[in-house]
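Peer 1: Given next are the chains, with one letter for each unit.
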Amino acid sequence: MELKDKLVSSYVAFENRVETDSEVHEIRSRALQNFEALGFPTKKLEAWKYTSLNAVLKQDYSLFPNKENNIQLADVKKYFIHDIDAYKLVFIDGKYSSFLSETTHDTFDVCLMSSALVKPKYKAVIENYFDKIATKDNLTSLNTAFASEGAYIHIPKNVEVEKPIQIINFTTGSEAATLLQPRNLIVVEQNAHVQIIERNQSLTSNPVLTNSVTEVFAAKDATVDIYKIQNDAENASLVDNSYIEQKSKSIVSVHTFSFGGNITRNNLNFFQRGEHIDSILKGITIIEGKQHVDHHTLVHHIAPNCESHQDYKGIFDERATGVFNGKVIVEKEAQKTNAYQKNNNVLVSDKATINAKPQLEIFADDVKCSHGCTIGQLDEEALFYMQQRGIPKKEGKALLMYAFANTVLESVKIPEVKQRITQLIAKKLGVDIGFDL
Amino acid sequence: MLKIENLHASIEDKSILKGLSLEVKAGEVHAIMGPNGAGKSTLANIIAGKEEYEVTAGNIELDGEDIGELAPEERAHNGVFLSFQYPVEIPGVSVTNFIKTAINETRKAKGLEDMPAKDMLKMIREKSELLEIDRKFLSRSLNEGFSGGEKKRNEIFQMAMLAPKLAILDETDSGLDIDALRIVANGVNKLKSKDNAVIVITHYQRLLDYIVPDFVHVLHDGKIVKSGDASLALELEAKGYDWIKQELV
Ligand SMILES: Nc1ncnc2c1ncn2[C@@H]1O[C@H](COP(=O)(O)OP(=O)(O)O)[C@@H](O)[C@H]1O
Ligand SMILES: [Mg+2]
Numbered sequence: 001m002e003l004k005d006k007l008v009s010s011y012v013a014f015e016n017r018v019e020t021d022s023e024v025h026e027i028r029s030r031a032l033q034n035f036e037a038l039g040f041p042t043k044k045l046e047a048w049k050y051t052s053l054n055a056v057l058k059q060d061y062s063l064f065p066n067k068e069n070n071i072q073l074a075d076v077k078k079y080f081i082h083d084i085d086a087y088k089l090v091f092i093d094g095k096y097s098s099f100l101s102e103t104t105h106d107t108f109d110v111c112l113m114s115s116a117l118v119k120p121k122y123k124a125v126i127e128n129y130f131d132k133i134a135t136k137d138n139l140t141s142l143n144t145a146f147a148s149e150g151a152y153i154h155i156p157k158n159v160e161v162e163k164p165i166q167i168i169n170f171t172t173g174s175e176a177a178t179l180l181q182p183r184n185l186i187v188v189e190q191n192a193h194v195q196i197i198e199r200n201q202s203l204t205s206n207p208v209l210t211n212s213v214t215e216v217f218a219a220k221d222a223t224v225d226i227y228k229i230q231n232d233a234e235n236a237s238l239v240d241n242s243y244i245e246q247k248s249k250s251i252v253s254v255h256t257f258s259f260g261g262n263i264t265r266n267n268l269n270f271f272q273r274g275e276h277i278d279s280i281l282k283g284i285t286i287i288e289g290k291q292h293v294d295h296h297t298l299v300h301h302i303a304p305n306c307e308s309h310q311d312y313k314g315i316f317d318e319r320a321t322g323v324f325n326g327k328v329i330v331e332k333e334a335q336k337t338n339a340y341q342k343n344n345n346v347l348v349s350d351k352a353t354i355n356a357k358p359q360l361e362i363f364a365d366d367v368k369c370s371h372g373c374t375i376g377q378l379d380e381e382a383l384f385y386m387q388q389r390g391i392p393k394k395e396g397k398a399l400l401m402y403a404f405a406n407t408v409l410e411s412v413k414i415p416e417v418k419q420r421i422t423q424l425i426a427k428k429l430g431v432d433i434g435f436d437l
Numbered sequence: 438m439l440k441i442e443n444l445h446a447s448i449e450d451k452s453i454l455k456g457l458s459l460e461v462k463a464g465e466v467h468a469i470m471g472p473n474g475a476g477k478s479t480l481a482n483i484i485a486g487k488e489e490y491e492v493t494a495g496n497i498e499l500d501g502e503d504i505g506e507l508a509p510e511e512r513a514h515n516g517v518f519l520s521f522q523y524p525v526e527i528p529g530v531s532v533t534n535f536i537k538t539a540i541n542e543t544r545k546a547k548g549l550e551d552m553p554a555k556d557m558l559k560m561i562r563e564k565s566e567l568l569e570i571d572r573k574f575l576s577r578s579l580n581e582g583f584s585g586g587e588k589k590r591n592e593i594f595q596m597a598m599l600a601p602k603l604a605i606l607d608e609t610d611s612g613l614d615i616d617a618l619r620i621v622a623n624g625v626n627k628l629k630s631k632d633n634a635v636i637v638i639t640h641y642q643r644l645l646d647y648i649v650p651d652f653v654h655v656l657h658d659g660k661i662v663k664s665g666d667a668s669l670a671l672e673l674e675a676k677g678y679d680w681i682k683q684e685l686v
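Respectively, the protein sequence lines represent chains E and V.
The working numbering puts the first residue of the first sequence at 1, with every later residue one more than the last.
The working numbering puts the first residue of the second sequence at 438, with every later residue one more than the last.
Calculated from the structure, these hints are not laboratory results.
Don't take each hint at face value.
Computed cross-link-like contacts, DSBU-like style, restricted to lysine-lysine with a CA-CA straight-line distance of at most 30 Å [to be verified]:
| hint | chain 1 | residue 1 | chain 2 | residue 2 |
| --- | --- | --- | --- | --- |
| 1 | E | Lys393 | V | Lys663 |
| 2 | E | Lys4 | E | Lys49 |
| 3 | V | Lys573 | E | Lys393 |
| 4 | E | Lys132 | E | Lys77 |
| 5 | E | Lys394 | V | Lys627 |
| 6 | E | Lys332 | E | Lys290 |
| 7 | E | Lys351 | E | Lys249 |
| 8 | E | Lys368 | E | Lys413 |
| 9 | E | Lys427 | E | Lys351 |
| 10 | E | Lys418 | V | Lys545 |
| 11 | E | Lys394 | V | Lys682 |
| 12 | E | Lys78 | V | Lys573 |
| 13 | V | Lys573 | E | Lys342 |
| 14 | E | Lys157 | E | Lys132 |
| 15 | E | Lys418 | V | Lys559 |
| 16 | V | Lys573 | E | Lys413 |
| 17 | V | Lys440 | E | Lys428 |
| 18 | E | Lys394 | V | Lys602 |
Put together the whole structure using the sequences plus the hints.
Peer 2: Dropping the structure here:
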């Protein structure tokens, strides 16, 4: 059976299995109909022109792994940023692992979507925020239809969460192929602060497809920093659909580090509903082999006096392929917008490719919008210069690449995250140098 | 120390060096002069191991060993240093981190541990003082936005840090005002010893007032056409290169 049919026909059984509030039931049913009508994206769609899910969708995915799978902390510790104290929401094959997690209900909620969707205590927040900004497109609808588990984070007014929250999805490979659809909701009230680190990690070489949806609401004066670490196994593919709504004077940053996996597609959407908002979108992509990373970003400037900063760096070796599609919409009302977009790429091999496309739709006249896109090679003269000073070619290349990507790392606020990314880059480039530039 | 015999080299089928021989012994300073396009930088680059040049005949020995097959970094590890005529900009890598990496990679190649951070800092302080380099300068991206003079001074700073056996200075004097020239020359002179050697490539006599050569060679059309002592540089300055060219006819 085709995956689409399999999903649609499993829906009734799914609905019977999960407890649900009637309103959420409504949302899910509508989403299923939507997905049924739209189907999976194909290359015929402009937004999917350079990213094909065909091969990935051919797998016979197990939709709802039943087994409770346990993993030893010692085996997965390395995937946490373990040198910092953090809250943790850990899921194994889509199921919450209380053993590996560390949640809280003290002054704020770091807990589970599965409870939030059914418990009266959370009803108001769910009614106000669940599925309110997620686009009704094909894959988001699919996720919504089956939304049942994920992270639920609610930070009340004026609360500054003192340690980061790590959200990790492990896949054990206990099934031949696994489809995961985490659904996260992050609500950050007025003047609250939170930092979030996300990671999806497959522990075997069995195929995994993760289709995640995250909705983030940043109220007035809120600060939210999200770090996505995408360094998954060779057969693991990810479609990350993130939707962020910001109110006045809020600052939200998303850093996406894409170092591996099969196909990685990031749909990162910002909606600015208020003035003096700052949205920061940054990414480093370093891939090789036949890996594919696609960044589709959208910043919707709706109100005046807001800023957006995009800085994406890509390094592509061997036959790796990259896509950057950065869309900025500036509405007529959004005067004095300052929107800045930069996408710089290095093709290390002549077989690697990048498709980069800025898309600016500007309807206001008093704005500052800039975009720059470059595609280049490593500077051979610089490499010779470094070799002349005793730095071997491989290390020299690594140093050049690290320096190239470093503008993105500069804005990482958690030193341990920065350090981890630096180590991942060194490992990826096969060198043992410190890079403390 | 350095022995070059009958070196022929070309790039893209264009022959540039046409039978060049040169011997440099430890403790010596050699100056190579010659008109633009004579092949001076080519010679320097080939000694340093730049791969785009094709050596079609002849050989280069360092301390009796043929270095023709060695990678540029291996030659550097063996003590070859080239101060570039046009130092390359490396955005995002600070002067300090670059030189630290260079020193530690060189140590690694010799089976040594990284230099302790304290020693490194001390050496950086000493050598930057020697070349009158401001502390702030060291945290800037390597060569990015440096003036011509700053680039050259930074090259000699790196030379001081790496303490090479054979230093080749390719037009290190161009772009320097007289004060900077004195500082740079002083830096080079401080590093001179009976165990190392310097090749100074220059157009002008000026630098040779400060770094006094034991031998002066004139490179023309890919060959050394005349060699002499320091007075040859003065003669060239007075008569120009046409004099050499005419003599050759
Ligand atoms: N990378 C190169 N590609 C093509 N021609 C080159 C290259 N490097 C040097 N040449 C040529 O070789 C000749 C010698 O150049 P060069 O060694 O730079 O001279 P000098 O340093 O004495 O002024 C010149 O004619 C120059 O154009
Ligand atoms: Mg030259």
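Peer 1: Decide, hint by hint, whether the structure agrees.
Peer 2: Against the structure, the hints:
no. : hint                  : result
1   : Lys393(E) - Lys663(V) : violated, 38 Å
2   : Lys4(E) - Lys49(E)    : holds, 20 Å
3   : Lys573(V) - Lys393(E) : holds, 28 Å
4   : Lys132(E) - Lys77(E)  : violated, 35 Å
5   : Lys394(E) - Lys627(V) : violated, 33 Å
6   : Lys332(E) - Lys290(E) : violated, 42 Å
7   : Lys351(E) - Lys249(E) : violated, 44 Å
8   : Lys368(E) - Lys413(E) : holds, 27 Å
9   : Lys427(E) - Lys351(E) : holds, 22 Å
10  : Lys418(E) - Lys545(V) : holds, 26 Å
11  : Lys394(E) - Lys682(V) : violated, 45 Å
12  : Lys78(E) - Lys573(V)  : violated, 38 Å
13  : Lys573(V) - Lys342(E) : holds, 28 Å
14  : Lys157(E) - Lys132(E) : holds, 20 Å
15  : Lys418(E) - Lys559(V) : holds, 28 Å
16  : Lys573(V) - Lys413(E) : holds, 24 Å
17  : Lys440(V) - Lys428(E) : violated, 41 Å
18  : Lys394(E) - Lys602(V) : holds, 25 Å
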